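Enquirer: Here's the letter readout for the chains.
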Amino acid sequence: MSANTACVTVRSQILKKDYTKVKLIVFSSLVIALLIMTIFSEVICPYDPNMQDNSIALNPPSAQHLFGTDRYGRDMLSRVIIGSQTSIFSTLSLVAIISIVGTIVGVNCGYFSGALDSIVMRISDVCLAFPGLVFALAIAAVLNGGVQNAVIALAVISWPKYSRIARSQTLAVKHTDFISAARLSGSTSFKIITKHILPNIIGPILVTAMLDIGTMLMEIAALSFLGLGAKPPIAEWGSMMSSGRSMLQTYPWVVLSPGIAIFLSVVLFNLLGDTIRDYVDPRNSGIK
Amino acid sequence: MKSYIAKRLLHLIPILLGITLLSFAMMRIAGSDAVIQKFDNSGIAVSQDVINAERTRLGLDKPFLTQYFTWLGGLLAGDMGVSHVSGADVFSTFTSKLPATLLLTATSILLTVVISIPLGVLAAVKQNKLTDYIIRSLSFVGNSMPNFFVALVLMYLLAIKVGIFPVITTGISLKSVALPTFTLTIAMSAKYLRQVRATVLDELSKEYIAGAKSRGIRFSITLWKSVLRSALVTIITLLALSIGSLLGGTAIVESIFMWDGVGKLAVDAINMRDYPMIQAYVVWMSIIYVCVNLIADLSYRILDPRIRLGGDET
Numbered sequence: 001m002s003a004n005t006a007c008v009t010v011r012s013q014i015l016k017k018d019y020t021k022v023k024l025i026v027f028s029s030l031v032i033a034l035l036i037m038t039i040f041s042e043v044i045c046p047y048d049p050n051m052q053d054n055s056i057a058l059n060p061p062s063a064q065h066l067f068g069t070d071r072y073g074r075d076m077l078s079r080v081i082i083g084s085q086t087s088i089f090s091t092l093s094l095v096a097i098i099s100i101v102g103t104i105v106g107v108n109c110g111y112f113s114g115a116l117d118s119i120v121m122r123i124s125d126v127c128l129a130f131p132g133l134v135f136a137l138a139i140a141a142v143l144n145g146g147v148q149n150a151v152i153a154l155a156v157i158s159w160p161k162y163s164r165i166a167r168s169q170t171l172a173v174k175h176t177d178f179i180s181a182a183r184l185s186g187s188t189s190f191k192i193i194t195k196h197i198l199p200n201i202i203g204p205i206l207v208t209a210m211l212d213i214g215t216m217l218m219e220i221a222a223l224s225f226l227g228l229g230a231k232p233p234i235a236e237w238g239s240m241m242s243s244g245r246s247m248l249q250t251y252p253w254v255v256l257s258p259g260i261a262i263f264l265s266v267v268l269f270n271l272l273g274d275t276i277r278d279y280v281d282p283r284n285s286g287i288k
Numbered sequence: 001m002k003s004y005i006a007k008r009l010l011h012l013i014p015i016l017l018g019i020t021l022l023s024f025a026m027m028r029i030a031g032s033d034a035v036i037q038k039f040d041n042s043g044i045a046v047s048q049d050v051i052n053a054e055r056t057r058l059g060l061d062k063p064f065l066t067q068y069f070t071w072l073g074g075l076l077a078g079d080m081g082v083s084h085v086s087g088a089d090v091f092s093t094f095t096s097k098l099p100a101t102l103l104l105t106a107t108s109i110l111l112t113v114v115i116s117i118p119l120g121v122l123a124a125v126k127q128n129k130l131t132d133y134i135i136r137s138l139s140f141v142g143n144s145m146p147n148f149f150v151a152l153v154l155m156y157l158l159a160i161k162v163g164i165f166p167v168i169t170t171g172i173s174l175k176s177v178a179l180p181t182f183t184l185t186i187a188m189s190a191k192y193l194r195q196v197r198a199t200v201l202d203e204l205s206k207e208y209i210a211g212a213k214s215r216g217i218r219f220s221i222t223l224w225k226s227v228l229r230s231a232l233v234t235i236i237t238l239l240a241l242s243i244g245s246l247l248g249g250t251a252i253v254e255s256i257f258m259w260d261g262v263g264k265l266a267v268d269a270i271n272m273r274d275y276p277m278i279q280a281y282v283v284w285m286s287i288i289y290v291c292v293n294l295i296a297d298l299s300y301r302i303l304d305p306r307i308r309l310g311g312d313e314t
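For the protein sequence lines, the chains are A and B, in the order given. Residues 1 to 288, numbered by our numbering, are exactly what the first sequence covers, in order. Residues 1 to 314, numbered by our numbering, are exactly what the second sequence covers, in order.
No wet-lab data here; the hints were simulated from the structure. Predicted model, so just to flag it, every value in this text is computed and none were measured. Heads up, a few of these hints could be off.
Where chain B lies over chain A, by a calculated footprint (3+ residues, C-beta under 8 Å) [said to hold, decoys possible]:
#1 224 to 234
#2 258 to 270
Dumping the calculated DSS-like pairs for lysine-lysine here, alpha-carbon to alpha-carbon at most 25 Å [what the hints assert, rightly or not]:
#3 LYS225(B) <-> LYS206(B)
#4 LYS23(A) <-> LYS191(B)
#5 LYS126(B) <-> LYS16(A)
#6 LYS129(B) <-> LYS161(A)
#7 LYS213(B) <-> LYS225(B)
#8 LYS16(A) <-> LYS2(B)
#9 LYS17(A) <-> LYS126(B)
#10 LYS174(A) <-> LYS195(A)
#11 LYS129(B) <-> LYS191(B)
#12 LYS129(B) <-> LYS213(B)
#13 LYS23(A) <-> LYS126(B)
Built from N, CA and C at the ideal position, the CB exists for glycine as well.
Let the sequences and hints guide you as you build the complete structure.
Expert: Put into structure tokens, the structure is as follows:
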């Protein structure tokens with residue numbers, strides 16, 4: 001490669017990095033806006049999401065009710081906004097649980113190796129051997145549904161991914177000189193893990209977690225759609241779609257508006273996840 | 001190679017034992033009072049003696065591991081008990097519904113291949129051009145929609161508004177299989193086409209491409225004769241690996257379109273807490289999944305001599 005083309009490549013990479021930074025700022029502000037909307041959803045709702053008024057039942061979208069009303073005359077827009085609480089908070093707590101638990105397990109397996117490592121890795125082999133949603137369905141069914149149980153079911157099948165990443169990253173860092181130096185100078189294992197290993201391996205884990213939010217949002221919604229997540233009186237996007245299913249033909253807004261809410265949130269989280277990945281590791285951009 | 005296959009098959013045993021043990025334990029915890037439930041369902045109030053007698057008859061008073069091995073023996077012999085709800089034999093019900101699911105899986109994979117391989121290759125060849133951006137955006141959108149949302153939108157647009165396809169499937173016909181196939185294909189293509197694109201891009205960045213170009217060989221010849229040929233192995237393997245996740249994903253789609261396969265059977269069983277049926281679904285889908293993945297991995301090694309020669313020690 002001539003010096004000239006090398007120069008152009010470097011320049012285009014710098015430009016790309018700047019562009020990624022702009023995208024990062026835009027998408028993170030949008031996600032923050034979504035989270036603020038979720039936190040203050042009770043205040044933002046134009047109507048009481050649980051107020052029933054049979055005189056306006058199943059009204060199509062209008063200026064008063066932007067997303068129309070459902071079969072009890074409840075305002076769909078308000079229900080979609082309030083539904084974000086269950087959908088988004090349960091997703092975020094799920095991703096937090098699996099990434100934290102998976103990382104702790106993985107780092108310890110990688111650092112201490114030995115019998116614990118092989119036992120835990122065999123367990124994660126078995127968890128990974130189940131086709132994802134099939135196993136989650138079964139666990140959720142055994143636990144009898146409910147949002148919390150849906151989160152538990154998905155956590156059981158999803159943590160091994162993180163422990164795998166954390167373990168292999170730890171193994172890569174473990175034998176470097178600075179870890180040996182830390183050990184020679186008498187640092188405890190706990191200190192080495194928290195001060196030296198974790199900061200070095202946290203990048204890929206955070207990226208994976210960010211990219212996982214969209215998928216997990218869809219899977220929680222899928223369990224709710226099957227009646228294994230949030231139960232009807234609670235507004236949750238998946239269960240709202242499920243309860244409106246029979247009205248698809250005549251009153252499509254009842255089904256489609258929570259669906260669009262899921263879609264838009266997933267798009268937003270995926271955009272942010274992709275951008276963070278490109279930002280952390282620019283080599284990846286444009287390939288995946 | 002033979003020793004590698006043997007090693008992988010041996011490795012399969014603890015995983016299969018783990019799968020069966022976990023499914024058995026889970027359903028035992030959930031259905032611990034299967035006997036009480038059974039009498040409750042039939043609406044008969046019975047004394048503790050009758051319950052105990054029934055427990056002894058079903059072998060529920062034996063130690064956990066004994067019960068597990070009895071159950072495992074039954075599983076291998078095709079005896080998985082009877083449904084709590086209908087009383088029908090679980091294993092024969094499951095096998096009678098399996099062909100419908102396999103058909104749906106096959107049509108979805110076929111359509112996915114037809115859509116995503118050309119689009120993936122096109123996106124890679126036109127990297128960072130408009131065509132690439134359009135294809136990648138489509139894949140991004142497809143990746144961000146849950147299965148059931150796609151299913152309902154397709155149902156609304158194609159079955160209700162336009163009316164070319166039936167809303168729910170009636171028997172097995174081309175028209176019935178179309179909507180569930182489209183739904184599964186959208187999600188699968190969105191993921192798979194990214195992988196095809198990445199694989200082809202990876203191949204295109206190799207030095208022999210520049211070499212061929214400098215020797216004045218037309219790009220289309222390089223693409224067809226070299227790039228696609230060597231990328232194909234990875235592409236096929238990735239496809240085989242995605243079959244497993246597809247098998248799990250059929251459940252929701254089947255139950256929305258009333259497609260009479262094992263996925264719908266499982267969703268119905270879950271709604272009625274029919275534990276033996278759920279158990280059969282989990283165990284068999286996992287076994288199929290593990291086997292498909294193993295075959296994918298082995299065929300990858302057989303098809304690609306570089307790995308066969310270099311990677312035997314793993």
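Enquirer: Give a verdict on every hint.
Expert: Right, here's what the structure says about each hint:
{"no.": "1", "hint": "224 to 234", "in the structure": "holds (count 4)"}
{"no.": "2", "hint": "258 to 270", "in the structure": "holds (count 6)"}
{"no.": "3", "hint": "LYS225(B) <-> LYS206(B)", "in the structure": "holds, 15 Å"}
{"no.": "4", "hint": "LYS23(A) <-> LYS191(B)", "in the structure": "holds, 23 Å"}
{"no.": "5", "hint": "LYS126(B) <-> LYS16(A)", "in the structure": "holds, 18 Å"}
{"no.": "6", "hint": "LYS129(B) <-> LYS161(A)", "in the structure": "violated, 34 Å"}
{"no.": "7", "hint": "LYS213(B) <-> LYS225(B)", "in the structure": "holds, 13 Å"}
{"no.": "8", "hint": "LYS16(A) <-> LYS2(B)", "in the structure": "violated, 48 Å"}
{"no.": "9", "hint": "LYS17(A) <-> LYS126(B)", "in the structure": "holds, 22 Å"}
{"no.": "10", "hint": "LYS174(A) <-> LYS195(A)", "in the structure": "holds, 13 Å"}
{"no.": "11", "hint": "LYS129(B) <-> LYS191(B)", "in the structure": "holds, 20 Å"}
{"no.": "12", "hint": "LYS129(B) <-> LYS213(B)", "in the structure": "holds, 20 Å"}
{"no.": "13", "hint": "LYS23(A) <-> LYS126(B)", "in the structure": "holds, 23 Å"}
Of the numbered hints given earlier, the model fails hints 6 and 8; all others are met.
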